[in-house]
Amino acid sequence: MEKDIHKDHLDDYVRKSFGEYEESPSSGMWDRIESELPAGDQEKTPIGYWRVFRFRWRMAAAILLLISGLVAEHLYYEHKLRTLSTQTVQNRPSGFNEMPERVETATSESARIAGDSSHSAETIGKMDKTADARRESTVLPQPDNAPSLSAPQVVQAPGKEPATSIPDAPVAAVAPEVLPETAAVAVLPNQVSEMAVPTSAETATKPFVPIAVFEPVSRSVQPLFAPLPTIASDIRAIIRPVKSASGWYVGLHATPRITFDYSRMPGRMQGGRPSYVSRQKQAVFVTDYWLRAGKTIHPHLSLESGIGYSAMTRSAALTPQFRFGDGIHGGGHLRRFHYDLNTYGGATDITLAMERVDSDPISDDEPLSVQITTTEQVQLLRVPLLAALRFGPGRLKGVVKGGLVAHFFLKNELEIETRASQNSRFQPIQGSGAYTVQREKNRRLFPGYWLSGGLEFRLSRHIGLAAESSFSGDFARTNPNGRPLPAQYSLGLNVGANYYF
Amino acid sequence: MNQPDLQACLRGERLAQKQFFETFKGKMFALCLRYANSREDAEDILQEGFVKVFRDLHQYSGEGNLEGWVRKIFVNTALQFLQKHKKDLLTTGLDGLEIAEVPEPFFGDEPPAKNMVRILQQLPPGFRTVFNLHILEGYSHPEIAEILNISVGTSKSQLMRARAYFKKLLENSLTT
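Chains U and X, in that order, are what the protein sequence lines are.
Reminder that position 206 of the first sequence reads as 205 in numbering that gives the first Met the number 0, one-by-one numbering, no gaps.
Reminder that position 111 of the second sequence reads as 110 in numbering that gives the first Met the number 0, one-by-one numbering, no gaps.
If you want the footprint, here are the derived chain U segments under chain X, 3+ residues with CB under 8 angstroms:
(1) 28-34
(2) 350-361
(3) 435-444
If we take Cβ atoms under 8 angstroms as the criterion, some of the chain U residues that face chain X in the derived model are:
(4) SER16
(5) GLU21
(6) GLU22
(7) SER25
(8) GLY324
Simulated from the structure, these hints should not be mistaken for laboratory data.
Cβ atoms here follow ideal geometry from the backbone N, Cα and C, with glycine treated the same way.
The following block holds chain U by itself, in its conformation from the complex:
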């Protein structure tokens, strides 16, 4: 050894000695490194599988619960309607079609029913829901043999107790389907114009079941400029509520909106490179296109979901502040500067290659600022789950909606548009290798919220037009390294048409 050294072959001796030399770091080193690594793809580990499974299981459970609720609600009404239909048929006298017509004014019972709006509304709702079921019924009278609906009737069930002894005798809903095609599509409580009741003499001998008889409302839309004498009736038509038969509806909507950024500026990452948040240069106009579907679960309340799409181009400017010493030597006068850029689409690793213009001595503290302009292309799929409250007396209703919106990135790309050095001793290099832009593994799904309020006008039984001002946004979110990302909020106008089944 000494011989080697004295031969002045120190360099070779050192190289040979270090040749395959390895040394183990402390046992906790991997944990330290792992704590600084961004959250990556964990699917290959059992824990990762479990997390994904748990998340999907929750999603599936939520969807199943929603569907189950809707089906249960539907079945419940079906059951109620079948009960009503059965009772009606059972109570129907044998000579139903030959029942004599009676002209009677509403009794106190009918008046009570007519005056009780909640009861009436429920009755109407039941009627609406029975439409299809009764349409299929073979025991109900068909249009040809149906009794005249314009006249009150008495349905008498021989051998039964008089109606007066059946205080809760059901109000048999006369099927709207037996009406001619131009007949009513909706009925008001006060349209229960007459209810057949027995005379005092008949009640002593004949039991009966009262049947509510409803007046039809014309389905035709009133002309826009109607003659003066019809204005009053037009107004009455507007304030008449229009009920949908099934409670289901679908709609096509569009929401032009203006978006704004809000963000929390992160600090410098410990032991890592600088981290910046870009802010969009100016408010961005975006339009969402929606296909929505909803179900009325209460006279005033609906659940609404659907799917929406929007595409956005977001420009942002940023001036990262480096020092010369921050750059990694890349050979010659080249230095590479790394930083994290957090944008709406998530975190991005950016490497900028800069070269020195001169060869004069330079300090590590020499500031090096580069103005960077980025363009972000984002396509979003949006799935809302909203509660919609509709209120108001007639066809023109107020609508308030609120709920959550799931956002899913279909496209999420970032490009550097311009680079300009603010220090004349450096310049960005051109050509390949000038910069690299690498999106981190950002989350593609993130939650948001939606609030809107406006008006909906029912043109007819099936068609409604809606216009609502909307406020929507994203919940605070972070990049895979736990740094905050800029989020957006939007002000918009949601317009569209709904089709009620």
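With chain U fixed as given, assemble chain X onto it according to the hints.
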């Protein structure tokens, strides 16, 4: 040596990244020890180096030796670490350094490399850096001058003095 699964590392799979770490940790820690003042500093450099490797792995084109690519990142990381902590010695203080008192000699049956790591850590950071870059990494003097932002002449003179210092320390450790 098993070749780590780079695609899995790029996807951020922890098991693959750990395998990558296990593959290179010994050699890279030895490298860090050569540049650092202490074992603690070397572990800091090692940690930062691996984070950078995983962060920049997408830049590895697949051409060339992976170990060479990883080694370059660790050398850069070590230099940045020294610049951050011993900036003056790397830039302005090199010329002012003189060979000082020779430290205590080294004993024991440890491998020569381990002994030499201890000797290297006795060198002033500026000497150590030039010595490492030229003799062990193979950088030329113009490259060292560029990396450390010093003149080529300074690089040569510092290497000469570093050699002398190192030799003296080594002789002392071997003859004692």
